[in-house]
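Peer 1: Given the sequences, and given the hints that come with them, work out the whole structure.
Protein chains in written order, with the numbering used here: chain A, 14 to 320; chain B, 14 to 320.
I should point out that these hints are in silico values taken from the structure, not numbers from a laboratory.
Warning: the hint list may mix true and false statements.
Said to hold, decoys possible - Restraint-style ranges between C-beta atoms, simulated for each label pair:
{"#": "1", "chain 1": "B", "residue 1": "171", "chain 2": "A", "residue 2": "292", "range": "35 to 43 Å"}
{"#": "2", "chain 1": "A", "residue 1": "38", "chain 2": "B", "residue 2": "105", "range": "33 to 41 Å"}
{"#": "3", "chain 1": "B", "residue 1": "245", "chain 2": "A", "residue 2": "311", "range": "33 to 41 Å"}
{"#": "4", "chain 1": "A", "residue 1": "167", "chain 2": "B", "residue 2": "157", "range": "55 to 63 Å"}
{"#": "5", "chain 1": "B", "residue 1": "172", "chain 2": "A", "residue 2": "167", "range": "17 to 25 Å"}
C-beta atoms are modelled at their ideal positions from N, C-alpha and C, and glycine is treated no differently.
2 protein chains.
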Amino acid sequence: MNPSTARSILVVGSVALDSLETPSGHREACLGGSASYFGVGASRFAPVQVVAVVGDDFPEAYLAMFRSHGINLEGLEVVTGGRTFRWRGRYGKTLGDAQTLETQLNVFEQFDPKVLPHQRRAPILFLGNIDPELQLRVLDQMESPHLVALDTMNFWITGKREALIRVLSRVDLLVLNETEARLLSEERNIYRAADVVRAMGPKTLVIKRGEYGSILFHEDGVFVAPAVPLRAVIDPTGAGDTFAAGLIGQLAQQEAPDFVAMKRAVLTGTVLASFTCEGFSLDRLCSVTNEELVARTASLAQSLRVD
Amino acid sequence: MNPSTARSILVVGSVALDSLETPSGHREACLGGSASYFGVGASRFAPVQVVAVVGDDFPEAYLAMFRSHGINLEGLEVVTGGRTFRWRGRYGKTLGDAQTLETQLNVFEQFDPKVLPHQRRAPILFLGNIDPELQLRVLDQMESPHLVALDTMNFWITGKREALIRVLSRVDLLVLNETEARLLSEERNIYRAADVVRAMGPKTLVIKRGEYGSILFHEDGVFVAPAVPLRAVIDPTGAGDTFAAGLIGQLAQQEAPDFVAMKRAVLTGTVLASFTCEGFSLDRLCSVTNEELVARTASLAQSLRVD
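Peer 2: See below:
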């Protein structure tokens, strides 16, 4: 898992301060955002450069934490006098989708992502869950990345469908949850939905199904991955971004990942995301050791074995 | 898959006439009931004897079909002047749980299952989804079966909880769906729910999750089985009973099935159930060839392979 020898990943997404209520408790203004979860998660596997924006209220301790993970912050814009993007959400007993109580876009409202000249040749680009118009703007600044991966959500599928479809035509790997896949494809059956979505561009599609695991659709076949059997979920925020981090992080360690490598990467994403769910914010993600990651991945792979 | 060399299975359950509405169409008074689906499904793997009741309105063609599958009907009581149990149900777009439109218990209301003397030594007993008091009455008539398996539903978990818990203490293998497992255990988390349910008696538990597959909880480990990727479901009625039929039918072919055999049996149940969903009533289940079953099982096992 030596990140320094892997291909470099550029991620664009949100860096946020989240206020969270779950059945396990609540936290005020803790670190959140797709680029935060993805960046920290992927930094375990590959060099990561973040393109994002925060206000000058953003705690220095979090910047230090990013740096301690080797994350390159040259592309993190700090707006003087600006306030960081804030989100407040609540999870019910089932720990399904969060109910958004408040969104303050703040500096994110005017965010115009800029890719620095030396970042334009990053071989891997992860377009985190932000406005597809911004995702397009970032993609336009890149010099033919080897792998473009994207995450999105219902809000953009419904509200910015055309822009999203435009960016999808240039994406190699798409990560969606089931509801999003159905909404995007307008198909209820998940296998038909996958056909429709892949016809929009992404050759490889991973449909996340929460506690039911995920399905990888690849040109060489389909792989059904189970979830990690968690007996307690503390806070599911960021699980999807962490899943993408493990998946893409592991892909970054290979020049030309094939179907088997993709399957292993899905298991790694699954395991990394399971750790995120075991603590508030990035608490558990930051504390995971390589030994824990390897042991849990082996145990997940074992649960798939028939013989 | 030669059934004649396998251990014999005694099944008690319902034989019904179902009227079904699904997004694919509707059918009036076609063959249904847990013992019908289970019996036909399991007869492919092992000798099956059915204990059930019908009225004299029950079509002779269905009896002939049962016989053509080698099913022993000595324990099928035909009540002269009685009407067969009838159920009318409707499935919505998602093909989730059916909405019951009408239930006519008819001859089932007075059903007092009798196990014939030569059937009491059957090595395997499947207690289909009927009143747990009837399940107990059948179990009391048996002479120490090697394997007792049971299916039940929300209706009995809520309405006959004490009797159900009494019968569960004598059950080896329990098949439940997720909602039922949560209701029975009063635990939302499925792994905790499994602990609670297994402490009630059944050492082996299979929790069915519909389109998400199933989880096998066994004393030697946990196995997460995917569902068959179906692009179209015509009628899910009887899928659960057919799952149990494939599972228990395959177990009947071995003297002392271990964890690996249990995992293979879960895949067989999964595949058999997928065929049931592809037609109304028992139509597709009756037409499946061994070649189709073997091919689909191989393909399902393949979708689990990482390397």
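Peer 1: Are the hints correct? Go through all of them and say.
Peer 2: Okay, the hints, checked on the actual structure:
Between residue 171 of chain B and residue 292 of chain A the beta carbon distance is about 36 Å. The supplied range of 35 to 43 Å therefore holds. Roughly 37 Å separates the CB atoms of residue 38 of chain A and residue 105 of chain B, a value that falls within the hinted 33 to 41 Å. Separated by about 37 Å at the C-beta atoms, residue 245 of chain B and residue 311 of chain A satisfy the suggested range of 33 to 41 Å. The hinted window of 55 to 63 Å between residue 167 of chain A and residue 157 of chain B holds, with their beta carbons roughly 56 Å apart.
Roughly 39 Å separates the CB atoms of residue 172 of chain B and residue 167 of chain A, a value that falls outside the hinted 17 to 25 Å.
The structure does not agree with numbered hint 5 stated previously, though it agrees with all others.
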